[in-house]
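S.K.: Now for the letters of each chain:
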Amino acid sequence: MSDIRDTAVSPADLAAAEPAPKATPGRRERASWLWLLNARLVLGLIIIAIFLLGSFVLPLFAPHDPAQQATYMKNLKISPAHWLGTNGLGQDTLWYLIFAVRNSLILGIFVGIGISAISTAIGLSAGFIGGAYERIVMLIVDSFITIPLLPILIILGALIRGNNNFFTIGLIIVIFGWAWNARTIRSMVLSLREREFINMARFSGAGTLAILVREIFPYVSAYLVVGFINTILFAINTEATLAVIGLSKVDVPTLGSIIFWALNYNALFTGNTTWLVAPIVATILLFLGLFLTSTGFNAAFASRRGVA
Amino acid sequence: MIRLNSVVASYRTARGSINAVDGVTIEIPDGCILGVAGESGCGKSTLMKLIYGDVTSPMALASGSIEYGFGDAKGRPITSDNIRDQWFNRISYIPQSSMNSLNPVVKVGKQFVDFPGSDPDKKRVLAEVREYIGKLGLPVETLDAYPHQLSGGMRQRVMIAMATFFQPELILADEPTTALDVVVQKDILLLLMDLQEQMGNTILLVSHDMGVHYQVTTRMLIMYAAKAVEYGDSESVFAAPLHPYTRMLISSLPTIGDDRARDGIPGRPPSLWQELSGCRFADRCPLATARCRAEEPALIEHKPGHWAACHYAGEMTQRAEAA
Amino acid sequence: MAVILKTEGLNKVYRLGSFTRSREIKALNDINIHVESDKPVIVSVVGESGSGKTTLAKTLLRLVEPSSGRATIYDQVVAGAGATAHGRTFLAAVQPIFQNPFEAFSRYRPVDAYLHETATRVAGLDRSQANDAVAEALAAVGLDAVDVRGKYTNQFSGGELQRVSIARALIPKPNLIIADEPVSMIDASRRMIIINLFRKLKEEAGRSFLYITHDLATAYYISDFVAVMSKGTLVEFGPAKEVMSNPQHSYTRLLLDSIPTTRTRWRPRAAKAA
Numbered sequence: 001m002s003d004i005r006d007t008a009v010s011p012a013d014l015a016a017a018e019p020a021p022k023a024t025p026g027r028r029e030r031a032s033w034l035w036l037l038n039a040r041l042v043l044g045l046i047i048i049a050i051f052l053l054g055s056f057v058l059p060l061f062a063p064h065d066p067a068q069q070a071t072y073m074k075n076l077k078i079s080p081a082h083w084l085g086t087n088g089l090g091q092d093t094l095w096y097l098i099f100a101v102r103n104s105l106i107l108g109i110f111v112g113i114g115i116s117a118i119s120t121a122i123g124l125s126a127g128f129i130g131g132a133y134e135r136i137v138m139l140i141v142d143s144f145i146t147i148p149l150l151p152i153l154i155i156l157g158a159l160i161r162g163n164n165n166f167f168t169i170g171l172i173i174v175i176f177g178w179a180w181n182a183r184t185i186r187s188m189v190l191s192l193r194e195r196e197f198i199n200m201a202r203f204s205g206a207g208t209l210a211i212l213v214r215e216i217f218p219y220v221s222a223y224l225v226v227g228f229i230n231t232i233l234f235a236i237n238t239e240a241t242l243a244v245i246g247l248s249k250v251d252v253p254t255l256g257s258i259i260f261w262a263l264n265y266n267a268l269f270t271g272n273t274t275w276l277v278a279p280i281v282a283t284i285l286l287f288l289g290l291f292l293t294s295t296g297f298n299a300a301f302a303s304r305r306g307v308a
Numbered sequence: 309m310i311r312l313n314s315v316v317a318s319y320r321t322a323r324g325s326i327n328a329v330d331g332v333t334i335e336i337p338d339g340c341i342l343g344v345a346g347e348s349g350c351g352k353s354t355l356m357k358l359i360y361g362d363v364t365s366p367m368a369l370a371s372g373s374i375e376y377g378f379g380d381a382k383g384r385p386i387t388s389d390n391i392r393d394q395w396f397n398r399i400s401y402i403p404q405s406s407m408n409s410l411n412p413v414v415k416v417g418k419q420f421v422d423f424p425g426s427d428p429d430k431k432r433v434l435a436e437v438r439e440y441i442g443k444l445g446l447p448v449e450t451l452d453a454y455p456h457q458l459s460g461g462m463r464q465r466v467m468i469a470m471a472t473f474f475q476p477e478l479i480l481a482d483e484p485t486t487a488l489d490v491v492v493q494k495d496i497l498l499l500l501m502d503l504q505e506q507m508g509n510t511i512l513l514v515s516h517d518m519g520v521h522y523q524v525t526t527r528m529l530i531m532y533a534a535k536a537v538e539y540g541d542s543e544s545v546f547a548a549p550l551h552p553y554t555r556m557l558i559s560s561l562p563t564i565g566d567d568r569a570r571d572g573i574p575g576r577p578p579s580l581w582q583e584l585s586g587c588r589f590a591d592r593c594p595l596a597t598a599r600c601r602a603e604e605p606a607l608i609e610h611k612p613g614h615w616a617a618c619h620y621a622g623e624m625t626q627r628a629e630a631a
Numbered sequence: 632m633a634v635i636l637k638t639e640g641l642n643k644v645y646r647l648g649s650f651t652r653s654r655e656i657k658a659l660n661d662i663n664i665h666v667e668s669d670k671p672v673i674v675s676v677v678g679e680s681g682s683g684k685t686t687l688a689k690t691l692l693r694l695v696e697p698s699s700g701r702a703t704i705y706d707q708v709v710a711g712a713g714a715t716a717h718g719r720t721f722l723a724a725v726q727p728i729f730q731n732p733f734e735a736f737s738r739y740r741p742v743d744a745y746l747h748e749t750a751t752r753v754a755g756l757d758r759s760q761a762n763d764a765v766a767e768a769l770a771a772v773g774l775d776a777v778d779v780r781g782k783y784t785n786q787f788s789g790g791e792l793q794r795v796s797i798a799r800a801l802i803p804k805p806n807l808i809i810a811d812e813p814v815s816m817i818d819a820s821r822r823m824i825i826i827n828l829f830r831k832l833k834e835e836a837g838r839s840f841l842y843i844t845h846d847l848a849t850a851y852y853i854s855d856f857v858a859v860m861s862k863g864t865l866v867e868f869g870p871a872k873e874v875m876s877n878p879q880h881s882y883t884r885l886l887l888d889s890i891p892t893t894r895t896r897w898r899p900r901a902a903k904a905a
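Residue numbers (this note's numbering), protein chains in the order written: chain A, 1 to 308; chain B, 309 to 631; chain C, 632 to 905.
Don't read these hints as lab results, they were simulated from the structure. Take these hints with a grain of salt, some might be off.
Claimed, not checked - Straight-line C-alpha distance at most 25 Å; calculated DSS-like pairs for lysine-lysine:
{"no.": "1", "chain 1": "B", "residue 1": "K494", "chain 2": "C", "residue 2": "K872"}
{"no.": "2", "chain 1": "B", "residue 1": "K494", "chain 2": "C", "residue 2": "K862"}
{"no.": "3", "chain 1": "B", "residue 1": "K443", "chain 2": "B", "residue 2": "K418"}
Using the sequences and the hints, build the whole thing.
M.R.: This is the structure in structure tokens:
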């Protein structure tokens, strides 16, 4: 048991070794959010911003419903009229893609919020309250973790093929996807629970809810941000997987359904490679943006941690 | 004789450079036990790392040099550049936490014989080691045990055994007993003193505990805010400290049986980030004058074998004796 | 005379391992301490790591349930059978100071938030009274409320944070403050500031302290009573000066013998050349 910390001046100590500023009470740092920014995060946010703006604003200017088939001549090449050409169903590829990205993002964010909310509530409470409550809850969590999501979705999709409500898919992903994050958050809380400042809060008169919200939550919030973005990734990915197999509601434009239609209509054989390549590139870019943002946040949070 | 010539160690960070050791010039005679004392952040651990040659980015030896006074196998003089080759051979290191230094999944005996540059005849080395650790008070079974099976005191003895097996000229011990019980600490310190007497090597001991320094050391180096403020024979430093910081440090520690009032030194060492001029202890020093703030005192030999960096060296003791 | 601290047959057994192969560790083995006094006192519990002194502190703070036995603080049963102290009454009577000042506060909250929380929730004061109480407590430890307001843990030194901790513990005017190794993570040159503060608070504010430490020298310096623990057992107890100058138990003697002091040398110094 070492009482004395390493007395060599480590860079983390140096950062902390400023004389306490006495002048202005109540001021924490110069700008509270500037520390967040690093190259990776900025790039990721820019990409996501482009996608968000593009997919939510541009549809307002769509000349007509891109999902409507036979609007144009089939398989037209790239031209000023059709920036990505048209596809085998007579739809404008670009407009379809824009709507597809929008729908995928809506699904992703909806699932992200759902999963984050449920897993946070369950993880925090199970980790902190402990006892029989924790044991029962973790039993449920572990059961859900071991249930494989994709096979279930495939089975469901096969059973109600074509009659899938788009948001039912989202709901099912939430139901089967919350468990993993809940477990992670619970383990974080388990270790936080032992820390001295929790006892300090207790002796300051704080009750369980106050401790959860004011003491524990800030330490978990970094993970939550990263987890939220990863969940979006996960949701879009799962939906796309289903759509490519044809088990999602393929009438609704999503990144996956484009690929489904393109494969079913032999885009490569008809020479309409744009139809297939465009959604793939868009998916890759979107995932890149999400990934960069997620790891960018992670890096930013980590760089702030002195002695965590 | 180990010579430190104006040694400056700097750390490079995103905010700029900081000198954790700022110009230390001392000569360490052979065969002494030098205690290095000072509060956290004073630079003593950095100084140890420098002397040991454990200099990795962001730390760097910004200026100055270290002469070790002993040569390598070929007789070439050893300096800061090639001291690394001599680890566990001519110079070794006893760390504070043995659990962080021993591989937890490898038996102790195997770790001993796996030293770099060891004799390829492992069996013979093992036999020698067995004999050696017996002298340190460790049972032979120690070598067949895993680190976690040994008590803290035994592990630290293993570290000392490793550090002294090749009879190095210089041993650096960074808080070697801080993590140990006070009873075990005494045994370990006595062991260290015995070994030093037998082998005649030089030991540099960093500790925050002035009592340990009093018991074990023959010379003392007191550091404050990256500077050496006092250096000299232990007896002299403890009996009549020249620098006010040393004096206040020693007299702030309570001893059993002594009922005099004690007081800590209020304030903090200055931040090394800012521009520092004059004596770095001036803000906390009861003797400080305008001269102290303007002019940085040099480490001067005020008494034979006893240096201090203070314009009013010895005055606190004089006043106390007069009172 | 008020019973400041009384433990009766306090036991704490930890079971390690699973059903079939388990080991028992007796962290506390039949601890019987009895301290009675009219005036506030400082009681030190000294021992090495593994002695059980921290477990004792945690039991008295109700962070750990004893396996058997009872503990009473100022006539309130705080641990064991018949524990009557609950919630706010307990918090208002017993307050802790922890070892690591940097861990004692959340990184994300300003430290004075804890002081205000204590003032409103434990001491039951309203907003303006709380502000006064906080300022008063900080002044008692030598800090200015203006210098503390709105600041986070990384803006203080260890010693300052520990003083904030002490201020927080003072606010509900507790009968007993339990300090678990409060100065071991503070620089040697600044320890006495905190130790002297304990003495001052005992004499001027009338607070009793339970000082848990492995440092016998500081224990000797401020304690009225000393309890020596070894491997979960209480080996010696009595008035501080007596125990230190005339130890009865061999372990206490061993402990006192092993402390490196700056008075007498273990080995006589051979005349060494400069």
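S.K.: Verify the proposed pairing of K443(B) with K418(B), using a straight-line Cα cut of 25 Å.
M.R.: Holds. K443(B) to K418(B) sits at ~19 Å (cutoff 25 Å).
S.K.: Are the Cα positions of K494(B) and K862(C) separated by 25 Å at most?
M.R.: holds (19 Å)
S.K.: Within 25 Å, alpha carbon to alpha carbon, are K494(B) and K872(C)?
M.R.: It holds: about 23 Å lies between the C-alpha atoms, which stays within 25 Å.
This entry satisfies every hint, going by the numbered hints stated previously.
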